Amino acid sequence: MRKLILSPEFSLDNLRKLARKEGMISMFEDGLKKVELGMTTVEEVLRVVRE
Numbered sequence: 001m002r003k004l005i006l007s008p009e010f011s012l013d014n015l016r017k018l019a020r021k022e023g024m025i026s027m028f029e030d031g032l033k034k035v036e037l038g039m040t041t042v043e044e045v046l047r048v049v050r051e
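Position 12 of the sequence shown, counting from 1, maps to 12 under this note's numbering, and the rest follow consecutively.
It is worth saying that the hints were derived from the structure and are not from the lab. Computed from a predicted structure; not experimentally measured. Errors might be hidden in some of the hints.
Beta-carbon label-pair distances, calculated as ranges [to be verified]:
| hint | residue 1 | residue 2 | range |
| --- | --- | --- | --- |
| 1 | V49 | L4 | 24 to 34 Å |
| 2 | S7 | G38 | 40 to 50 Å |
| 3 | L6 | L46 | 30 to 40 Å |
| 4 | E9 | M39 | 30 to 40 Å |
| 5 | L4 | L37 | 30 to 40 Å |
| 6 | P8 | V42 | 40 to 50 Å |
| 7 | G23 | E51 | 17 to 27 Å |
| 8 | K3 | V42 | 36 to 46 Å |
| 9 | E51 | M24 | 15 to 25 Å |
| 10 | T40 | P8 | 40 to 50 Å |
EDC-like, lysine to aspartate or glutamate: derived pairs with alpha carbons at most 16 Å apart [as the list claims (entries may be wrong)]:
| hint | residue 1 | residue 2 |
| --- | --- | --- |
| 11 | K34 | E44 |
| 12 | K33 | E43 |
| 13 | K3 | D13 |
| 14 | K3 | E22 |
| 15 | K33 | E44 |
All C-beta atoms in this analysis are idealised placements derived from N, C-alpha and C, irrespective of residue type, glycine included.
Based on the sequences and whatever the hints tell you, model everything.
This is the structure we're talking about:
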């Protein structure tokens, strides 16, 4: 990621693609997993993600 950030090809879109490729999941996706596990509610995930 550091190489990408310092390269002329840097863009937020390219950074997001690389992060996904390396295993990043969004807060929303993580929240939905926690909803499935009964750790939180959909309402709480939406509240937090929107802030």
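Results for each hint:
no. : hint                    : result
1   : V49 <-> L4: 24 to 34 Å  : holds (25 Å)
2   : S7 <-> G38: 40 to 50 Å  : holds (43 Å)
3   : L6 <-> L46: 30 to 40 Å  : holds (36 Å)
4   : E9 <-> M39: 30 to 40 Å  : holds (38 Å)
5   : L4 <-> L37: 30 to 40 Å  : holds (33 Å)
6   : P8 <-> V42: 40 to 50 Å  : holds (41 Å)
7   : G23 <-> E51: 17 to 27 Å : holds (25 Å)
8   : K3 <-> V42: 36 to 46 Å  : holds (38 Å)
9   : E51 <-> M24: 15 to 25 Å : holds (20 Å)
10  : T40 <-> P8: 40 to 50 Å  : holds (41 Å)
11  : K34 <-> E44             : holds (11 Å)
12  : K33 <-> E43             : holds (14 Å)
13  : K3 <-> D13              : holds (15 Å)
14  : K3 <-> E22              : holds (14 Å)
15  : K33 <-> E44             : holds (13 Å)
In terms of the numbered hints stated before, the structure departs from none.
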